[in-house]
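Here's the letter readout for the chains.
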Amino acid sequence: MAKDITILIAGSAGQGIQTIGALLARICHNAGLFIFSTDEFESRIRGGHSFHQLRISTQALGAPSRHIDILVAINEREYEVHKDRLKKNGIVLINTDKEQSADSRVFHLPFDAAAKESGGVIASNTVAAGAILAIIGAEFKEFEAVLKDNFKGKSEDIFKLNLTAAQKGYDMGKAVDFPKYFDFDGKSHHHVVMSGAKAAALGALAADCRFFSFYPMSPGTGIITNVVKYADTLPIVIEQAEDELAAINMAMGASFAGVRSLTSTSGGGFCLMTEGIGLAAMTETPVVIINAQRPGPATGLATRTAQPDLLFTIHSSQDEFPRFVFAPGTVLETFNSVKKAFYLSEKYQVPAIVLMDQFLADSARTESEPFQTGFEHESFLDLETSMSQNKASQNQVSQDQIYLRYKQTDTGISPRRVPCQSEGLVRATGNEHSEEGLSTEDPENRTAMVEKRFKKLPLMKDEIKMPSIFCDGSAFYLTGWGSAKGSIMEACLHLREQGIEVGWIIFEDIWPMDSHKLTKLLENKKLIMVEANVTCQMGNLIRQMTGIDYMSSILKYDGRPIYPEYIIEKVKQIMGK
Amino acid sequence: MATTKFDIENENQWCPGCGNFSILQAMKKAFIAKALEPKDLFIVSGIGQAGKTPHFMACNMLHGLHGRALPLATGAKIANHRLNILVNSGDGDCYGEGGNHFLAAIRRNIDITLLVHNNRVYGLTKGQASPTTALGRQTEMQNKGTVSSPFNPIATALVTGAGFVAKGFSGNIEQLSGLIVEAMNHKGFSMIDIDQPCVSFNKINTHLWYKERVFDLKETGHDPADYEKALKVAHMGEDKIPTGVIYKAHTLAFHERFDVLKKKPLFDYNFDKTRMDEILTRA
Ligand SMILES: Cc1ncc(C[n+]2csc(CCOP(=O)(O)OP(=O)(O)O)c2C)c(N)n1
Ligand code: SF4
Numbered sequence: 001m002a003k004d005i006t007i008l009i010a011g012s013a014g015q016g017i018q019t020i021g022a023l024l025a026r027i028c029h030n031a032g033l034f035i036f037s038t039d040e041f042e043s044r045i046r047g048g049h050s051f052h053q054l055r056i057s058t059q060a061l062g063a064p065s066r067h068i069d070i071l072v073a074i075n076e077r078e079y080e081v082h083k084d085r086l087k088k089n090g091i092v093l094i095n096t097d098k099e100q101s102a103d104s105r106v107f108h109l110p111f112d113a114a115a116k117e118s119g120g121v122i123a124s125n126t127v128a129a130g131a132i133l134a135i136i137g138a139e140f141k142e143f144e145a146v147l148k149d150n151f152k153g154k155s156e157d158i159f160k161l162n163l164t165a166a167q168k169g170y171d172m173g174k175a176v177d178f179p180k181y182f183d184f185d186g187k188s189h190h191h192v193v194m195s196g197a198k199a200a201a202l203g204a205l206a207a208d209c210r211f212f213s214f215y216p217m218s219p220g221t222g223i224i225t226n227v228v229k230y231a232d233t234l235p236i237v238i239e240q241a242e243d244e245l246a247a248i249n250m251a252m253g254a255s256f257a258g259v260r261s262l263t264s265t266s267g268g269g270f271c272l273m274t275e276g277i278g279l280a281a282m283t284e285t286p287v288v289i290i291n292a293q294r295p296g297p298a299t300g301l302a303t304r305t306a307q308p309d310l311l312f313t314i315h316s317s318q319d320e321f322p323r324f325v326f327a328p329g330t331v332l333e334t335f336n337s338v339k340k341a342f343y344l345s346e347k348y349q350v351p352a353i354v355l356m357d358q359f360l361a362d363s364a365r366t367e368s369e370p371f372q373t374g375f376e377h378e379s380f381l382d383l384e385t386s387m388s389q390n391k392a393s394q395n396q397v398s399q400d401q402i403y404l405r406y407k408q409t410d411t412g413i414s415p416r417r418v419p420c421q422s423e424g425l426v427r428a429t430g431n432e433h434s435e436e437g438l439s440t441e442d443p444e445n446r447t448a449m450v451e452k453r454f455k456k457l458p459l460m461k462d463e464i465k466m467p468s469i470f471c472d473g474s475a476f477y478l479t480g481w482g483s484a485k486g487s488i489m490e491a492c493l494h495l496r497e498q499g500i501e502v503g504w505i506i507f508e509d510i511w512p513m514d515s516h517k518l519t520k521l522l523e524n525k526k527l528i529m530v531e532a533n534v535t536c537q538m539g540n541l542i543r544q545m546t547g548i549d550y551m552s553s554i555l556k557y558d559g560r561p562i563y564p565e566y567i568i569e570k571v572k573q574i575m576g577k
Numbered sequence: 001m002a003t004t005k006f007d008i009e010n011e012n013q014w015c016p017g018c019g020n021f022s023i024l025q026a027m028k029k030a031f032i033a034k035a036l037e038p039k040d041l042f043i044v045s046g047i048g049q050a051g052k053t054p055h056f057m058a059c060n061m062l063h064g065l066h067g068r069a070l071p072l073a074t075g076a077k078i079a080n081h082r083l084n085i086l087v088n089s090g091d092g093d094c095y096g097e098g099g100n101h102f103l104a105a106i107r108r109n110i111d112i113t114l115l116v117h118n119n120r121v122y123g124l125t126k127g128q129a130s131p132t133t134a135l136g137r138q139t140e141m142q143n144k145g146t147v148s149s150p151f152n153p154i155a156t157a158l159v160t161g162a163g164f165v166a167k168g169f170s171g172n173i174e175q176l177s178g179l180i181v182e183a184m185n186h187k188g189f190s191m192i193d194i195d196q197p198c199v200s201f202n203k204i205n206t207h208l209w210y211k212e213r214v215f216d217l218k219e220t221g222h223d224p225a226d227y228e229k230a231l232k233v234a235h236m237g238e239d240k241i242p243t244g245v246i247y248k249a250h251t252l253a254f255h256e257r258f259d260v261l262k263k264k265p266l267f268d269y270n271f272d273k274t275r276m277d278e279i280l281t282r283a
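Which chain is which? The protein sequence lines are A and B, in order.
Just so it is clear: in the first sequence, position 299 is 299 by the working numbering, and no numbers are missing.
Just so it is clear: in the second sequence, position 146 is 146 by the working numbering, and no numbers are missing.
The set of hints was computed from the structure by calculation and includes no laboratory data.
Because the structure is a prediction, the values reported are computed rather than measured.
Do not take every clue at face value.
Claimed, not checked - If we take Cβ atoms under 10 Å as the criterion, some of the chain B residues that face chain A in the derived model are:
(1) His66
(2) Ala69
(3) Gly75
(4) Ile78
(5) Ala253
(6) His255
Note that the Cβ used here is the ideal one computed from N, Cα and C, for glycine as well.
Whenever a hint applies, use it, and build me the whole structure from the sequences.
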């Protein structure tokens, strides 16, 4: 049987609870265990309630769990906040030097006092980590090795202080009565523990993105933050724009001049970018935008999660034009979707948007598969090749004097050139234009140009992966998209174990949707939509595109992730069980 | 007008007598003086009558959105700092809709040349007040007179730290083309605010009105290296309008501040698959 526990470390912003989580995650990963960690915090830098939740398992994980085995309260008051989620046989560690509690599940452990004894209250986190590690069965030497690595290059005194603190914490944990949980003798055979934000950053770099423009907005910022450390070794420039209008226009300017570029934001910032998306469409300039969703409207819940921008994203900006929209559900999918967005945006000369959300961007999970520069999709050229082909075509055409930026072709895709690299002038405008790129209001030209842009649509539809279906022939299907994937899958497997005949349908590539293919796929299937928004946006989109109505929906809009347990409970309600 | 290699067969959309024609002519003259070919030029523009300028000239062009020409140009320059980039913008486009970008472009010291066609009115949308319209001036829309005081682009550029600030007049093509050459030669952000009559919507600030007021700073012995004097010039008011280079100082341009760009433009690098694979395996 799989062993699977959830540890929740709760405290205030500024207390470094994430540091504890990161230490634990690393030691578990080294021992070949799977982890899934989430952070929930308030939009403030100090104080308030925040927590880090770490799920550890001997089996692959796609979602966090709502039920807690070990609750670690760095402030005493956090116990009250979270105790309802504690399992029957769960335990609580409270950072206090008060006498032991009468409740046999509650342990008062003086993390702060032990840290002070070791030489500084700053090491209180290390004490807590030591205690937890002892409880879940890690050897002290594994902890010591990770600490040594963490404090590499720092002063010996700081390392000593933490090591002493770690030992004190470990001894405290040893005294706690909890069945030794995991075997830490294993070796890591998994690729990596990674957040969605980092995977997106790597996806962009692997796609040879060289320019990153952004205006800070949670949770979109984390993606660019993850690029920073590569700026010394790769040819990239990261620029903080004066606002999101500038961010998208800078990205487009760079792309127009021949450098792949990315901008990343969240709902409100994405709103400001929409006019720019129209310009990308009209000038047929490739650009990739990540919208890491959060609850709105307006500022909404700045540090929380939701999936409320689906319909807005597929329709954002003026008038009508083809675009790509992807909604990866895992870390590896995020990496691949971002790469694919670059590739397809360039191939079709259209904007491509990757929809993420706070949950996907900020949670970290074990990923077993390696990340690669190439494409899994056979028809995709290696990006390196496509880039050099692009350059070659610029040289090739240098003889002809007249270049038609918007030349009519069978596919609607005109050969692309960048300015000042050849004799033929590159002329582009956001006004309706002729093949030469000069603005004209001629009605025939207008019609022809709208049709030119839309000629790409059928080809773009063919690039889109159909939703994945699990257990075809099931009585009904949990249906969702993006970051809800892991929870849907886990809930589905759990329900099946209980004899309920349920499958899943999960969308990763969203737009453009092929209504014909989708209708065939969904015909006669009963759908229970699972989404983090209030109007069931994907359910409505499916109905609009296929005429197929969903049977029921499980919607969550409290700003928190959808847990598998939540889906299970709701499915049972729907089934009247 | 003598024909040049920058001429193009494209119907001009400006009103006859508009100051924009002279600005266009001064640009072509400057490019010839700099021995540039159309293919060496990349002109980015905003929306408005001024924004149409590159349509009427042989050059590479990106005619973007209202107010957003500067970020487009900035991105392009970061991608390939070898490009000669100029921006044509209007007073509404640059100081109104794009005001924030104006400040940011100066602070970045991005090496492009900004030409603001300042006609003190919104031309393309038919004569509403612009950020440079005088206080109290009546328009069809502001029929009791504007209630906001005008924006001072020169003073703002100076206090924001611009390294090349000049004032031109569409009525003096000779001087203006010289200013454009000098602005393009300047390494870093350069701007020329160009007084331009709008014959259709600005009946006060006419060609004659300007002609009676403009004078060349060169003739007064103005020293463009003197920041304090430049500030005084920026605040001279309306009775006498100074033209010429108001301030000039060199600081490192945006692309000179990045190690990767010191080696070569971003555009010139090749994708290093080996390095990327290494990053991915060690991620
Ligand atoms: C987002 C947006 N808002 C408004 C407009 C309408 N608009 C077009 S040009 C213009 C003003 C142009 O004035 P100015 O920049 O002074 O240029 P001019 O036409 O006088 O040369 C406006 C408001 C627009 N195109 N886009
Ligand atoms: S409206 Fe004014 S600025 Fe526009 S073209 Fe006519 S004269 Fe020139």
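Notebook entry, point to check: Does the structure break any of the earlier hints, and which numbers would those be?
Noted result: 5
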